[in-house]
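2 protein chains.
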Amino acid sequence: MNESKQAHDRKQESAIEQMNSKAKTKKFMFKFSVVAESSETRARTGVIETASGRIETPVFMPVGTLGTVKALCPEELVACGAQIILANTYHLYLRPGVGVIDLYSGLHRFMNWKGPILTDSGGFQVFSLAGMSKITEIGYSFRSHIDGSSHLLTPEDTVLIQKSLGSDIMMCLDQCIAYPAERKAAENALELTTRWAERCKEAHRQNEIMDQALFGIVQGGMYKDLRERSAKSLARLDLHGYAVGGLSVGEPKEMMYEMADHTLPLLPEHKPRYVMGVGSPADLVTMVGYGADMFDCVIPTRNARNGQLFTSIGTININNARFKHDTGPADPACGCYTCSNYSRGYLHHLYRCRELLSYRLNTIHNISFYMRLMQDMREAIKEDRFNAFQRDFYNRQAEFAIL
Amino acid sequence: MNESKQAHDRKQESAIEQMNSKAKTKKFMFKFSVVAESSETRARTGVIETASGRIETPVFMPVGTLGTVKALCPEELVACGAQIILANTYHLYLRPGVGVIDLYSGLHRFMNWKGPILTDSGGFQVFSLAGMSKITEIGYSFRSHIDGSSHLLTPEDTVLIQKSLGSDIMMCLDQCIAYPAERKAAENALELTTRWAERCKEAHRQNEIMDQALFGIVQGGMYKDLRERSAKSLARLDLHGYAVGGLSVGEPKEMMYEMADHTLPLLPEHKPRYVMGVGSPADLVTMVGYGADMFDCVIPTRNARNGQLFTSIGTININNARFKHDTGPADPACGCYTCSNYSRGYLHHLYRCRELLSYRLNTIHNISFYMRLMQDMREAIKEDRFNAFQRDFYNRQAEFAIL
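Here the protein sequences line up with chains A and B, keeping their order.
Mapping of the first sequence onto my numbering: position 382 corresponds to residue 424, and the numbering continues sequentially without gaps.
Mapping of the second sequence onto my numbering: position 381 corresponds to residue 423, and the numbering continues sequentially without gaps.
The set of hints was computed from the structure by calculation and includes no laboratory data.
Careful: at least some of the hints might be erroneous.
One copy or any two copies: either way a pair holds, since identical chains are not told apart in the list.
Dumping the calculated BS3-like pairs for lysine-lysine here, alpha-carbon to alpha-carbon at most 30 Å [stated by the list, open to error]:
hint: 1; residue 1: K156; residue 2: K366
hint: 2; residue 1: K313; residue 2: K176
hint: 3; residue 1: K366; residue 2: K205
hint: 4; residue 1: K274; residue 2: K243
hint: 5; residue 1: K176; residue 2: K295
Please construct the entire structure, taking both the sequences and the accompanying hints into account.
Here's what the structure looks like:
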């Protein structure tokens, strides 16, 4: 080895050391603090701090599957009160692919959304969308639902993909099971989910990821003791937050409520608790009472595109002929862009004509409705009147049902 | 007749007189003035004043067929630089119907657009869309393209419908003919169009319409002498503006240019000259040189929805695979919302996924491109360098064709 080679090696080693020490001293960009708790329910309000900004909880995350919350631009999301959005790893991995997103150093710049992003792990989509999916200890083998191409998705892959997406919160790969499921199948799935969570955590550590939190997902089907086992094993991994997965997979609503009610208190108290894929306004009001901090669901956006609007006086379908001559706003109690500028009659006309603006105006209204509902709940918790808030909400629901 | 009945009648008569005198003294809300003329071409720039605001000419009017410029909200149109939009009488008459629009005292409040609106007469849509349409001296009998219902549209009807729509500029009902057409058919259509224009003018007068201008439409097929006859007969009616109709109906491009070039100078000099249904950016640049002041066309909006973007370096189709990894803006010379915030790669991704945001971002860009082109032409005319502007434009076009 000549001198110059030695010098070069020393230089390189020193550069690597510097890089490592920099990574070690870099502060991890995620924090959760509970600000107030309800004295009569398990509801709580708090703040999550991420690399892309603060989130007040309980929070609802609009779904932006393919790097766009359908029909809205980022400025509209902000105006609606959205604090964080969800994007789907499975979908973005297939289209446009990690190679494209890498050119923008992540999803934020690609889609022009500056706030926090949570990405799921892709597990649920492989379970529900992909063809010929096969699960082994290694991960998921599956065929794309778009072009039938073959793919392998391991726990390590999902961490690396989400690292590329640059989400502020990433999720561990989990095995979701259908309802109903045999106890043995549910047990196997939860055990595999735990082993995969360990591998995800290790990949997260090895890649020295400092600005993206990693959440675990509790499985266990509709078996309370399995949910307990799953929650306990995952808690040991000391992840940054925990989600209740495997709900809304076809079980009766009461069973979903029972499982969420049972599982949420099993999750570490000082970490955010996230109920995945839920739900209707009533679901959110109920589950915040169980102690849930985070939600995501396609209901406000998808239903908007089907003409269904959530309002303070019940749910309406704007396609209904009775709105043709209605010059009032979609929701008289709403101050969103749609309700401030357009009538039910105009929204009815746009929807009947399948005009593109219809989907946008309906989505703006529904997202605003959801955001205000969460805001109202946060205030009710802070003022310790969440129990009364829930009662009022259920009473109004019952009234609308009669109308 | 008792005393109280007499008193009531006197009161009513006096109210009617007051109303009439008010209408008579009310200033008519339309004015056109030429601000500058090109010394080498017939291009000119001017200002149209309407009840809903000023318009600088030459102007391009984005098409808002059903009371919405597809994919855009009014604030976006303003941000793109749109000064006036076009809406379609035939479409709005069928959906949502005049009864609905009347609840809002016109289209402006219904669709939340505060600027000027021009409505066509419905003649062209009956010609191109409606089923089983039959033309008589009275008007058009036709069947709705939506539900097959039977309708009669007379010149008087079209004025009353456009009065309800509350547009700032309404058009006379005309008879459009296909290309090619026999001389006799073209002659009959132009004569009928003239008689209908007389009836439209009379209906406009009888209804004491003070805040909506009435434009006539020159027909005559591809026969120069017939175009001349049509222009002269209509000029005698002293309408508020004149349009060249019956172009872009299948004739060769050179013939369209020839007819426009021939017809435009025949129109009254001190009234706006409008070329209906035209055109591409090159068409606009050419026809402004012929002396055209106003245009409308679906090209920028429809092509946007098909992924075609107009840029300063040629027309691109965003669906093309070469844009997948392109992190630059759609048009480096453009400052629109789309080009300021999103890359070609993102637009390509949205278009490939048929995301709703794709249609909006593409439309914003194309409308901005058209608006800037018109703005550039107005400036070139003011500075009397329009001839050079045209030469540059055509040279650049030729360059792109090679690229």
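For each hint given before, does the structure comply? Return the numbers of the non-compliant ones in rising order.
2
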